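Colleague: Chains as they are written, first to last, in UniProt numbering: chain A, 1 to 353; chain B, 1 to 353.
Just so you know, not all the hints are guaranteed correct.
Chain copies aren't distinguished; within one or between two, either way the pair holds.
[What the hints assert, rightly or not] Within a straight-line C-alpha distance of at most 25 Å, the following computed SDA-like cross-link-like pairs (lysine to any residue) qualify:
{"no.": "1", "residue 1": "LYS302", "residue 2": "ARG316"}
{"no.": "2", "residue 1": "LYS348", "residue 2": "ARG303"}
{"no.": "3", "residue 1": "LYS258", "residue 2": "GLY202"}
{"no.": "4", "residue 1": "LYS348", "residue 2": "CYS313"}
{"no.": "5", "residue 1": "LYS277", "residue 2": "SER208"}
{"no.": "6", "residue 1": "LYS277", "residue 2": "GLU224"}
{"no.": "7", "residue 1": "LYS344", "residue 2": "THR216"}
{"no.": "8", "residue 1": "LYS88", "residue 2": "PRO222"}
Calculated directly from the structure, the hints in this document are not laboratory data.
Computed from a prediction, not measured in an experiment: that's the story for all the values here.
Number of protein chains: 2
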Amino acid sequence: MKRYRNGEIWDFEHEIAVPGDRPVILGLDGGTTSTVCICMPVLPVSNPLPDPLPVLARAVAGCSNHNSVGETAARETLEQVMADALSKSGSNRSAVQAVCLAVSGVNHPTDEQRILNWLRDIFPSHVKLYVQNDAVAALASGTMGKLHGCVLIAGTGTIAYGFTEDGREARAAGAGPILGDWGSGYGIAAQALTAVVRAHDGRGPETSLTHSILRTLGLRSPDELIGWTYADPSWARIAALVPVIVSCAEEGDEVADKILQDSVEELALSVKAVVQKLGLCGEDGNASFPLVMVGGVLEANKRWDIGKEVVSCISRDYPGALPIRPKVEPAVGAALLGWNFFMKETYKEAYNR
Amino acid sequence: MKRYRNGEIWDFEHEIAVPGDRPVILGLDGGTTSTVCICMPVLPVSNPLPDPLPVLARAVAGCSNHNSVGETAARETLEQVMADALSKSGSNRSAVQAVCLAVSGVNHPTDEQRILNWLRDIFPSHVKLYVQNDAVAALASGTMGKLHGCVLIAGTGTIAYGFTEDGREARAAGAGPILGDWGSGYGIAAQALTAVVRAHDGRGPETSLTHSILRTLGLRSPDELIGWTYADPSWARIAALVPVIVSCAEEGDEVADKILQDSVEELALSVKAVVQKLGLCGEDGNASFPLVMVGGVLEANKRWDIGKEVVSCISRDYPGALPIRPKVEPAVGAALLGWNFFMKETYKEAYNR
Chain A
1 MKRYRNGEIW DFEHEIAVPG DRPVILGLDG GTTSTVCICM PVLPVSNPLP DPLPVLARAV
61 AGCSNHNSVG ETAARETLEQ VMADALSKSG SNRSAVQAVC LAVSGVNHPT DEQRILNWLR
121 DIFPSHVKLY VQNDAVAALA SGTMGKLHGC VLIAGTGTIA YGFTEDGREA RAAGAGPILG
181 DWGSGYGIAA QALTAVVRAH DGRGPETSLT HSILRTLGLR SPDELIGWTY ADPSWARIAA
241 LVPVIVSCAE EGDEVADKIL QDSVEELALS VKAVVQKLGL CGEDGNASFP LVMVGGVLEA
301 NKRWDIGKEV VSCISRDYPG ALPIRPKVEP AVGAALLGWN FFMKETYKEA YNR
Chain B
1 MKRYRNGEIW DFEHEIAVPG DRPVILGLDG GTTSTVCICM PVLPVSNPLP DPLPVLARAV
61 AGCSNHNSVG ETAARETLEQ VMADALSKSG SNRSAVQAVC LAVSGVNHPT DEQRILNWLR
121 DIFPSHVKLY VQNDAVAALA SGTMGKLHGC VLIAGTGTIA YGFTEDGREA RAAGAGPILG
181 DWGSGYGIAA QALTAVVRAH DGRGPETSLT HSILRTLGLR SPDELIGWTY ADPSWARIAA
241 LVPVIVSCAE EGDEVADKIL QDSVEELALS VKAVVQKLGL CGEDGNASFP LVMVGGVLEA
301 NKRWDIGKEV VSCISRDYPG ALPIRPKVEP AVGAALLGWN FFMKETYKEA YNR
């Protein structure tokens with residue numbers, strides 16, 4: 001095993017006997033608010049998978065998106081959360097067979113390669129390493145590790161990501177609030193704030209959003225929204241207003257209703273673009289494929305149900321879409337991906353020998 | 001005169017004989033990139049005003065928007081630029097009769113009061129102080145100090161601001177990029193970047209913006225736009241892409257053309273909202289009023305002329321709009337405002353005596 005860069009993080013390993021008889025997989029889901037690492041035993045091949053899945057340990061740390069916290073902090077967070085999960089499992093790095101790291105901010109092969117280099121510095125060379133955008137873990141959490149179908153995530157941000165069974169992939173949206181993620185929680189809330197300003201200016205129709213949003217934020221006048229908005233650039237803080245907009249729409253406010261309708265169309269459009277590019281719907285347009293739905297905007301489960309509307313909008317064009325609400329978290333999806341990847345590589349190596 | 005907070009800034013005053021025979025006015029224009037201070041002699045009442053206007057000195061400093069640089073830095077910048085202008089004029093604070101300070105970021109009476117308190121700490125009590133949003137100085141630069149009509153500013157940001165002759169005022173837009181300033185340079189450029197991402201995703205039509213913007217930024221793929229966009233949150237950096245979009249529209253790109261058309265409608269809508277609220281067009285809708293046009297987006301003067309299109313869009317509803325392109329800078333407008341304010345207050349005091 002290599003000499004490791006960061007001694008302290010891995011100090012616990014000296015106190016653990018090498019558990020050579022229990023090989024493990026690490027699955028990581030790194031979002032913009034937190035990072036979760038799951039340590040799972042290597043499962044025997046079985047269909048269906050055991051339910052519940054055996055999880056040895058779960059560890060949580062802060063943000064590991066390098067765009068948000070910088071490379072050094074991101075790397076330290078990832079390393080720490082893996083060490084925590086192994087330590088909690090009574091395991092260590094020599095038991096690890098594969099690591100699947102799914103982090104937000106992986107948008108380009110250079111991002112992937114940089115993270116692979118980090119990981120290679122931590123784990124011995126036989127460990128299978130697999131780096132992906134966090135959307136891929138969310139897909140796997142709905143398909144129990146199979147990379148097939150399309151996932152739609154809509155929380156503070158939004159992205160649609162899909163895979164064909166033969167390994168082609170495509171994405172749509174996920175480019176953040178400046179680059180047109182209008183269907184996201186942030187997008188919905190920013191449009192509602194804009195509607196309040198426009199009504200106040202005389203550029204748009206009156207809306208009950210004005211009263212509801214000002215009351216929620218403890219402000220007296222729409223003029224004060226400007227100061228509130230720019231005082232803290234956190235996207236999640238603005239996205240937290242989504243329930244207020246849903247309530248206004250449920251009470252019949254046309255402006256709020258229009259914002260949610262537009263969001264439904266935007267979210268459905270991202271999925272349709274991915275389905276189209278990958279031909280997930282087959283040549284006749286009716287083939288079935290998993291459509292995994294994840295994130296606060298889709299799970300609100302209110303009378304005005306954004307997730308339900310998105311599914312019906314997609315189903316009109318692609319009746320084969322099979323909506324799935326995952327029962328496990330994305331980090332488990334990442335671990336299942338890591339396991340699949342390990343099995344495939346191991347069989348391939350055995351075959352080539 | 002009071003004891004002054006910041007000794008060093010005003011040290012030059014010890015070296016200047018008090019020029020009691022030459023009373024002066026200070027006009028300040030504080031934008032998000034720079035702050036300009038003009039020192040003008042108090043003019044005798046004349047109509048028309050002397051051309052060119054007598055300017056004793058001009059000083060320039062950095063950003064003085066408290067939302068952007070914080071209160072302490074904003075105050076120091078304002079104090080320093082006033083001291084520089086007075087020092088260059090061979091004058092000092094005892095010669096100052098009025099100060100008109102027009103700074104961006106003044107959106108609420110509490111902003112105004114805070115800045116008045118700063119100024120009151122610097123100048124003796126007989127000096128007339130006048131604090132406004134920077135849009136008001138831009139209006140005055142077109143009307144030579146008269147607060148009547150509407151100004152439309154469209155540079156990195158945008159705002160419409162208007163006054164009636166009897167002193168009522170109204171504004172529209174100016175709430176920044178998150179709150180719907182879609183017609184601004186930033187708004188135009190962000191929509192163009194979004195169009196590139198959407199075309200790449202399969203969510204929108206192909207556009208020549210892709211090739212032109214990537215070439216301008218030295219990027220190879222639309223995927224790299226995400227990293228470029230979020231690497232530096234400066235609005236001006238994104239707004240700098242406007243000429244690329246204008247070129248694409250001139251060459252017939254429909255996506256670019258639509259973005260500019262939308263921007264024209266947005267900008268015209270801000271002006272119409274102000275005109276409507278203030279009744280600047282009179283009861284029959286045909287009364288004439290000054291329409292001052294300021295900022296890089298309106299001054300591009302290309303074949304696709306955004307400013308010209310905005311004026312025709314406004315004129316269709318309000319044929320009395322008289323477009324004015326100011327010949328002096330906003331800080332001179334601020335000084336003229338300060339002068340008008342001083343004259344009015346002085347006559348009022350004389351009358352009440």
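Colleague: Each hint: holds or not?
Modeller: Results for each hint:
1. For the homomeric pair LYS302 and ARG316, the shortest alpha-carbon distance inside one copy (22 Å) is at most 25 Å, but the shortest distance between copies (45 Å) is not.
2. Taking identical chains as interchangeable, the C-alpha atoms of LYS348 and ARG303 are never at most 25 Å apart, the minima being 50 Å within one chain and 62 Å between chains.
3. Proximity of LYS258 and GLY202 under a CA criterion of 25 Å is satisfied in both settings, with 18 Å inside one chain copy and 24 Å between copies.
4. For a Cα distance limit of 25 Å, the shortest separation of LYS348 from CYS313 qualifies neither inside one copy, at 41 Å, nor across copies, at 67 Å.
5. Taking the shortest Cα distances, LYS277 and SER208 sit within 25 Å of each other only across copies (21 Å), while inside one copy they are farther apart (40 Å).
6. Taking the closest pair of Cα atoms, LYS277 and GLU224 come within 25 Å of each other only across two copies (20 Å); inside a single copy the shortest separation is 44 Å, beyond that limit.
7. Proximity of LYS344 and THR216 under a CA criterion of 25 Å is satisfied in neither setting, with 52 Å inside one chain copy and 44 Å between copies.
8. Taking the shortest alpha-carbon separations for LYS88 and PRO222, neither the intra-copy value of 50 Å nor the inter-copy value of 42 Å comes in at or below 25 Å.
Violated hints, listed in ascending order, are 2, 4, 7 and 8; each of the other numbered hints is respected by the structure.
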